[in-house]
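2 protein chains.
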Amino acid sequence: MASHLTHLECPRCGARHEAGRPANLCGCGSPLLAHYDLEAARRDVTRAALAERPRDLWRYAELLPVSDPAARVSLGEGGTPLLPAGRLGRALGLNDLWIKDEGTNPTGTFKARGAAVGVSRALELGVQRLAMPTAGNAGGAWAAYAARAGIDLTVVMPQDAPVINRREAALHGANTHLVRGLISDAGAIVARYVARTGAFDASTLKEPYRIEGKKTMGYEIAEQFGWDLPDAILYPAGGGVGIIGIHKALAEMAALGWIRGRWPKLIVVQAEGCRPLVEAFASGREDSSFWQGAATLAAGIRVPKPLGDFLVLRAVRDTGGTAIAVSDREILEAIQLTAREAGLWICPEGAAAVAAAGRLRRDGLLQPTERVVVLNTGSGFKYPDLVDFDLPVLEPGDDLP
Amino acid sequence: MASHLTHLECPRCGARHEAGRPANLCGCGSPLLAHYDLEAARRDVTRAALAERPRDLWRYAELLPVSDPAARVSLGEGGTPLLPAGRLGRALGLNDLWIKDEGTNPTGTFKARGAAVGVSRALELGVQRLAMPTAGNAGGAWAAYAARAGIDLTVVMPQDAPVINRREAALHGANTHLVRGLISDAGAIVARYVARTGAFDASTLKEPYRIEGKKTMGYEIAEQFGWDLPDAILYPAGGGVGIIGIHKALAEMAALGWIRGRWPKLIVVQAEGCRPLVEAFASGREDSSFWQGAATLAAGIRVPKPLGDFLVLRAVRDTGGTAIAVSDREILEAIQLTAREAGLWICPEGAAAVAAAGRLRRDGLLQPTERVVVLNTGSGFKYPDLVDFDLPVLEPGDDLP
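Residue numbers (this note's numbering), protein chains in the order written: chain V, -2 to 398; chain Y, -2 to 398.
Keep in mind the hints are simulated off the structure, nothing from the lab. No experiment lies behind these values; they were computed from the predicted model shown. Be aware that a few hints might be false.
Identical copies look the same in the list; a pair holds intra-copy or inter-copy alike.
Derived SDA-like pairs (lysine to any residue); straight-line CA-CA distance at most 25 Å [as the list claims (entries may be wrong)]:
1. K302 to V390
2. K262 to R193
3. K302 to D395
4. K262 to R40
5. K262 to L226
6. K262 to D157
7. K302 to P393
8. K302 to R337
9. K302 to D396
10. K302 to L391
11. K262 to G24
Could you put the whole structure together from the sequences, leaning on the hints where they help?
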């Protein structure tokens, strides 16, 4: 189960970079992607061999960047359930709806995948100090894994990031600061900090390995369906690392001979109050413009200008997908509907994708018989204030009505 | 993978009960336990065969009470990580400490195991209405699984149950009531309700199958250690179903020929403010007395008089274990220590067990080289108010210090 990582490569200008030392962006300003010797991996690991491995994401070790098993910093991430959602699907007009429930990851969100692989690779490369801006959950996840690894972490997050993420980062011992602004303001502060101190910048996509953790969602969806790909995957996109990762996983699995036939349509879901990718897709542009006045209750997708926008848009167009925005009101309704019909308390970002599935069905962009996967990126427990109920109170001697 | 369930049996008076219809307590007032044809199971399933099955708790289907796979109501419960906690262990003086992290279950706690199996069996037996009192998390979990199953559920919980559990139950559509009192008051209200309406009483241990879900923690610990049992398992006990279940699993695994040698010491952990089992153990009694004025911030172990007390005490004594109480202050300190040293945000009940591990080591009741497993029964996300930090706030133009 040795890593077949060979090098890093720029997906914009094609420049090749060494993988053996810490790396950030390409000289051209683009994120870097990890490349593997897929021919060697194809010989080393088969789909049948995978079936006997533990369920966490390290089952795909040959396609991950960490060579030394001792460098693996793990809390049991990955291997999340892919659940049929029959009744919810029927309520939305979709007869073959599934939810990939990332809320059962350590730290309660899919950010654990990126943090596990990113922190492990940083440890392997000898990095001792990390710094990053975060909308909330990535900061919490990286704080947990950095604590486990014994690596110092500095995080900066918007002052109105979910309270649970602020506490999570600080609880795990990260040097945690808030900023009266957006994640873009936090990013600027971190950029100045790393320039001054030499801490490693672990910002989304400025660090090339968190995407490698996220891509395992794509591997898992294929494997859990017996390598028979679904028709569409709906993904709530903030930075968009997950959808870039799934797209990368599809390309790798095709090269490995693990999948055949048409790839799923990759569908980007954003909030109406922050939809740079949706606008860029609609207007046929290759990258996005900074979204002024970003506002949505789904903090994880409140990213005004994703660094990897061109890679997200490439993934969507390459697979015949689309990009769609939903309202905060639709998000809240989808949380309630999913809890009652599927038994899952999903996060607002995942709820955006559920709402989008219904809308795309109504608009005829998804067909009733298509196999559709919604990525629920995290647990609703991290957002308790989005639901509230006025419950009746009894005295000990009272009877239930 | 057919169930080998044969009947229900009273562990107090030995009476045999039919398993094919809904059952509550024995006529003698004791909980009933599920029995299996272990000889047949031994022929049907081997340890090697298990290795190829999916990770969730249904891998032990032969030893679970649900016959019809279509009746399985699943959110992917079980198969939780068993994580080494080296640095945390060294801080406590224990060189081989492990945490079984139940926080990655659906609904964020180990209650998902009991709810999955209990609701599935109820569905299989044709039950259409359930009612139960709850300290909080069980109500949330049963609400999620009942919603998924399409079964009506009524829950009553103390007014000061964690806010997240109140919202969770209501969000999943359970008929949710609060009571100005303790779980024992909620239990009395539910008892009157089921007598009047014919709803099935799914109270802890009045319903014989949730323990079957909980026992899978014992199977998993054995399997995850390669069938080489640890020296001790620390379990935070409210109702104590988990420890009864683990004890039952040990007996079953021994009969199946899956384990050999000495069983782990089963150690009950309670809070100083509610320690009926600890007092009963210390005074050599076979059951506990109602604990007056129960008070601890760990809501899940605030149970003044567990119905299965005699079974818990039997499990502890049978395995050479012990029972110990820790203070709320120790619980809060253990949450912080575990987050920094192991990268896990654990629940207060799990933190009680971490604190107890340190105390038992200092008291010489655990040796430094013993392999010790702490059961963290849930995620700390469900208790965000137990940690707080005053974080510095920057303006967008500011630099990090």
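Open item on the list: If the cut is 25 Å between Cα atoms, do K302 and P393 qualify within a copy, between copies, both or neither?
Closed with: between (55 Å within a copy, 17 Å between copies)
TODO: With 25 Å as the alpha-carbon cut-off, assign the pair K302 and D395 to within, between, both or neither.
DONE: between (56 Å within a copy, 21 Å between copies)
Open item on the list: For K302 and D396, with the copy left unspecified, which applies at a CA distance of at most 25 Å: within, between, both, or neither?
Closed with: between (56 Å within a copy, 22 Å between copies)
Task: Up to 25 Å CA-CA - L391 versus K302, copy category - done: The answer is between: 21 Å across copies meets 25 Å, while 51 Å in one copy does not.
TODO: If the cutoff is 25 Å on CA atoms, where do K262 and G24 land: within, between, both or neither? Let me know, please.
DONE: neither (32 Å within a copy, 59 Å between copies)
- [ ] If the cutoff is 25 Å on CA atoms, where do K262 and D157 land: within, between, both or neither? Let me know, please.
- [x] The answer is neither: 34 Å in one copy and 47 Å across copies each exceed 25 Å.
Task: Alpha-carbon proximity between K262 and R193, which holds within one copy, between copies, both or neither at 25 Å - done: Answer is neither: 43 Å inside a copy and 54 Å across each miss the 25 Å cutoff.
- [ ] Check K262 against R40 for me: Cα-Cα at most 25 Å, and say if that holds within a copy, between copies, both or neither.
- [x] neither (29 Å within a copy, 46 Å between copies)
- [ ] Check K302 against R337 for me: Cα-Cα at most 25 Å, and say if that holds within a copy, between copies, both or neither.
- [x] So K302 and R337 fail the 25 Å test inside a copy (35 Å) and across (33 Å) alike.
Open item on the list: Regarding K262 and L226, is the shortest C-alpha distance of 25 Å or less found within a copy, between copies, in both, or in neither?
Closed with: within (10 Å within a copy, 47 Å between copies)
Open item on the list: At most 25 Å between alpha carbons: which applies to K302 and V390, within, between, both or neither?
Closed with: between (47 Å within a copy, 23 Å between copies)
Comparing the model with each numbered hint stated earlier shows that hints 2, 4, 6, 8 and 11 do not hold.
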